[in-house]
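Take the sequences, apply the hints, and build the full model.
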Amino acid sequence: MLELENLSVSFGSFMALRSVSMEVRQGELLVLLGANGAGKTTLLKTISGLLRPSGGVITLQGKKISGLSPSQIVRHGISQCAEGRRLFAQMSVYKNLLLGAYTCRKDKKGVEKSLAYVYSLYPILKEKENDPAGSLSGGQQQMVAIGRALMARPGVLLLDEPSMGLAPLVVQQMFDTIEAINREGTTILLAEQNAYTALKIAHRAYVMESGAVVMSGSSQDIAGNEQIRQAYIGA
Amino acid sequence: MELYFQQLLNGLTLGSIYCLVALGLTLIYGIMHIPNFAHGHLYMVGAYCVLFLCTLYGLNYWMAILISMVILAVIGIIMERLVFHPLRDSPPTNSFIAAVGALLFLEAGATVLWGADYRRMPEVFDKVVNIFGIMATQQRLVVIFSALALMGALYLFMKKTLIGSTIEAMSQDREGAFLVGIDANMVSMMTFGVASALAAAAAGLAGPLFLVFPSMGGLLIIKAFVIIVLGGMGSIPGAVAGAYILGLAESLGATVFPAEYKDLVAFILLVIILSIRPTGLFAKEGR
Amino acid sequence: MKRFVKIMILLTLAVALLAAAGCGGGDKDSGQAKEAKVLNIGFTGPLSGGAAFYGKDILTGLEMGVEQVNASGGVTVAGEKYTLKVTSLDDRYLPNEAATNARRLVKEYNASIIFCPHSGGIAAMQEFNEVENFLIAAYSSEPKLYARGNKLTLLLPPPYNSYIDPFIKKTMAEHGKKVAMIQSNAAYGKDWGTLFAPAWEKAGGTITINSPFSYNTETDFAPYVSKALATKPEVLFVGGASQPTAMVIKQARDQGFKGGLIVLDQAKFEDMADIIGMPALEGAIGIYPYYMNPRPDKAARDKFVSDYKTKYGKRPTYEHVWHYETALALGKALEKAGTVKDAAKIFESMRQVLPLDKSIAPIAIEGVSPKGGYTNLGMAAYIKNGQYGDPIDIPRTE
Chain A
1 MLELENLSVS
11 FGSFMALRSV
21 SMEVRQGELL
31 VLLGANGAGK
41 TTLLKTISGL
51 LRPSGGVITL
61 QGKKISGLSP
71 SQIVRHGISQ
81 CAEGRRLFAQ
91 MSVYKNLLLG
101 AYTCRKDKKG
111 VEKSLAYVYS
121 LYPILKEKEN
131 DPAGSLSGGQ
141 QQMVAIGRAL
151 MARPGVLLLD
161 EPSMGLAPLV
171 VQQMFDTIEA
181 INREGTTILL
191 AEQNAYTALK
201 IAHRAYVMES
211 GAVVMSGSSQ
221 DIAGNEQIRQ
231 AYIGA
Chain B
1 MELYFQQLLN
11 GLTLGSIYCL
21 VALGLTLIYG
31 IMHIPNFAHG
41 HLYMVGAYCV
51 LFLCTLYGLN
61 YWMAILISMV
71 ILAVIGIIME
81 RLVFHPLRDS
91 PPTNSFIAAV
101 GALLFLEAGA
111 TVLWGADYRR
121 MPEVFDKVVN
131 IFGIMATQQR
141 LVVIFSALAL
151 MGALYLFMKK
161 TLIGSTIEAM
171 SQDREGAFLV
181 GIDANMVSMM
191 TFGVASALAA
201 AAAGLAGPLF
211 LVFPSMGGLL
221 IIKAFVIIVL
231 GGMGSIPGAV
241 AGAYILGLAE
251 SLGATVFPAE
261 YKDLVAFILL
271 VIILSIRPTG
281 LFAKEGR
Chain C
1 MKRFVKIMIL
11 LTLAVALLAA
21 AGCGGGDKDS
31 GQAKEAKVLN
41 IGFTGPLSGG
51 AAFYGKDILT
61 GLEMGVEQVN
71 ASGGVTVAGE
81 KYTLKVTSLD
91 DRYLPNEAAT
101 NARRLVKEYN
111 ASIIFCPHSG
121 GIAAMQEFNE
131 VENFLIAAYS
141 SEPKLYARGN
151 KLTLLLPPPY
161 NSYIDPFIKK
171 TMAEHGKKVA
181 MIQSNAAYGK
191 DWGTLFAPAW
201 EKAGGTITIN
211 SPFSYNTETD
221 FAPYVSKALA
231 TKPEVLFVGG
241 ASQPTAMVIK
251 QARDQGFKGG
261 LIVLDQAKFE
271 DMADIIGMPA
281 LEGAIGIYPY
291 YMNPRPDKAA
301 RDKFVSDYKT
311 KYGKRPTYEH
321 VWHYETALAL
331 GKALEKAGTV
341 KDAAKIFESM
351 RQVLPLDKSI
361 APIAIEGVSP
371 KGGYTNLGMA
381 AYIKNGQYGD
391 PIDIPRTE
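Chains as they are written, first to last, in the numbering used here: chain A, 1 to 235; chain B, 1 to 287; chain C, 1 to 398.
Read the hints as simulated data drawn from the structure, not as lab findings. Among the clues, some could well be false.
Claimed, not checked - Computed footprint of chain C on chain B, listed as stretches where at least three residues anywhere in the stretch have a Cβ under 8 Å from a Cβ of chain C:
1. 9-20
2. 116-124
3. 127-137
4. 218-230
5. 257-268
In this text, a Cβ means the ideal position worked out from N, Cα and C, and glycines have one as well.
What follows is the structure, given as structure tokens:
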């Protein structure tokens, strides 16, 4: 569905991504593992159009999308829940969610449906819908961020470190809903450092190191790999 | 005592004008991080628009202001496309210089087209009203209330419409705005349009009270900058509060101190506020 | 790269256009001077920056006078025919620049007469004009210039201290003895103030507040006016450039002030009346409008006013007419002196050719006093019942 071919990104003379090729298949939950600075965030930002690739192509269902503006990419059905959440902190939860549906704002009924869906995933957001997003707890803010990304009714959802900074119990809930979202038919590309939990819900995984893909395979294979266990799972 | 009430009224009038100009400046700063030095000169062009629509075409005062707002919105959008858009990926210094260039262009253009002499707008609300011993022309009251109405309209636009909230979204989190699919170009143009229209409205309202001349914008833009620094760069409530604070500080300052020290009052105020709150009254957190 | 090329093309075009404009000007000059020699009349004044409007405005009167001289055949000095030409240099209102310009005008353009419309520049030139032998045609009503005893300075307008006593006398009689001073805080307004304040007190008046403020850097004058009116004055002392002064007066009227006004001579009634109307100026004393000045020949005055209006699209004021007629007199003086070099001799002839024929003299300069000022009386107007009233003669105090 979403394909990256020899994708490279450089900042000046620093190569943040080195010829990365990757395939995200329709309906799957793909996890992208790697340590801090491995290039996961760069990869997601490039897919979303926030960064321009210096080489390579990104295609979505055969159509080239690299080089489009971020708003065009959202319209093509790829939305991202970014690292650090990137919420509109002084706006209400409701307004944040509504802006998530900015690209399909003309379809009033569809917006209402998405909103109902998000509230069903995260009932707490309904209760807090008039509070400024910045006043919520970290876990709740992450819910708003994921909810906002879902409001665009994406075919592919990019999630960048949704578990960062959250308490272990909350992390578990977070992964449960991610799995649920995927089960409903949304293709997900999840970038995570928390390999242990992520591998439990993912179908396949890619492992990145200093800007390049070093390994890929099914979750079970990766989870069973000794090197990976030592490097990322710590068991 | 009467004097203080009189100065209160003067300060509110001045504050209202400052407010409309500073709001535009802060909106532009909020989303583009450009200090648009030419903003005061858009105000000047707006004043000439209202003046000519009233005198040459004999338009009704309110119509003239409305049409000028539209004309200025278009000029603002053109300016964004022609001057700032091509520089969006270059260092901020380039935009600063471009803004100064736009300012010089507008002032020189106005001087060539309309001459350097002072002009005056015809007065519509020239009756003098006496409120408990405070004398003022109706125009001053018109300024105060119209500015409030415009601020109300801006508030509704930005809070109650999705299009309007994209401006706020972009100023609160630029990357977040991109990720939900907000089109940066559209928002930039809209912001310049709205800001320039506000400047035109300010000019139209202030016109009958002051003189119209090509360098009139230069005086105002310095004040507007003080205001948005005072209120917190990019903050909307900050611009409103800052504008009234400066307007009142100037008029009351003029009462207490000799004229030479008047600007001192405003700037001492700035220093005090900034030493207590270095990022301004209503600074955004985490910036 | 593409953008860079575009910019370069635009820049080149702009430069080409400028150059073309420059050439156009040059051609015109060389065409005129086929047979007659060109004699440069110097001018130094603000032609760029904030005061550019003032400098360029003054220049119109002088240029119109010079054109008039050329149109009636130029001047013939010692058998040689000359066309006059105004050579103007920008001094940005700075005394030292004016002095430098004067040196250039003398050395490079052989000018023996230099016009200057600001007291700082005039004073700077007075330091060396007697040695370098050029005549200063000074447009400034600064009294200090008279006191310096420079032998080669011609002073056009009356010094402003002439106005003070007559203004005070009339105003005290009509309105009372309490004045609030809110004139412009530019050097000129302040100087007026320092002479006015003691004179007012000497005449038995009181000053309720002395608070000059900036007429050109303030957005709103209301706070200053409110402050002054709170001291309950019977008279306001105001003045700076005409248009801001008008707005100050308007503010005062809007806030209910009904008393008299003393308007210093920089502000012109006719310009102010255009902006705020005569009723707002009721009870004001100031300079009598030139276009109604009854002293010169009426036909000559009206012709000048209408010619100027046709040419520059507005009504002339004293600035223009003093320069215009001075240029005419200068033409005659050059012919009489028989020299284009000897400034002292030209100045002496100037005294002799005046007054000019009434029919061509729109301000009717009477003569030149021993101290170098024109001997014409000044003229004030006191506005009553919406009329300028009879002109009040102002003797020149030199």
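### Query
Holds or violated: the stretch 218-230 of chain B covered by chain C, criterion of 3 or more residues with Cβ-Cβ distance under 8 Å?
holds (count 3)
### Message
Just to make sure I understand the rule, a stretch counts as covered if three or more of its residues have a C-beta closer than 8 Å to a C-beta of the chain. Does the stretch 9-20 of chain B meet that for chain C?
### Response
Holds: 5 residues of the stretch 9-20 of chain B have a Cβ under 8 Å from chain C.
### Within 8 Å of chain C's CB atoms, at least three CB atoms from the stretch 116-124 of chain B: coverage verdict
Held - the stretch 116-124 of chain B has 4 residues with a Cβ nearer than 8 Å to chain C, which meets the minimum of three.
### Query
Are three or more residues of the stretch 127-137 of chain B within 8 Å, CB to CB, of chain C?
holds (count 5)
#### Entry: 8 Å C-beta test of the stretch 257-268 of chain B against chain C, three or more residues
This one holds; 4 residues, not fewer than the three required, reach chain C with a Cβ under 8 Å.
When each numbered hint is compared with the structure, no violation occurs for any of them.
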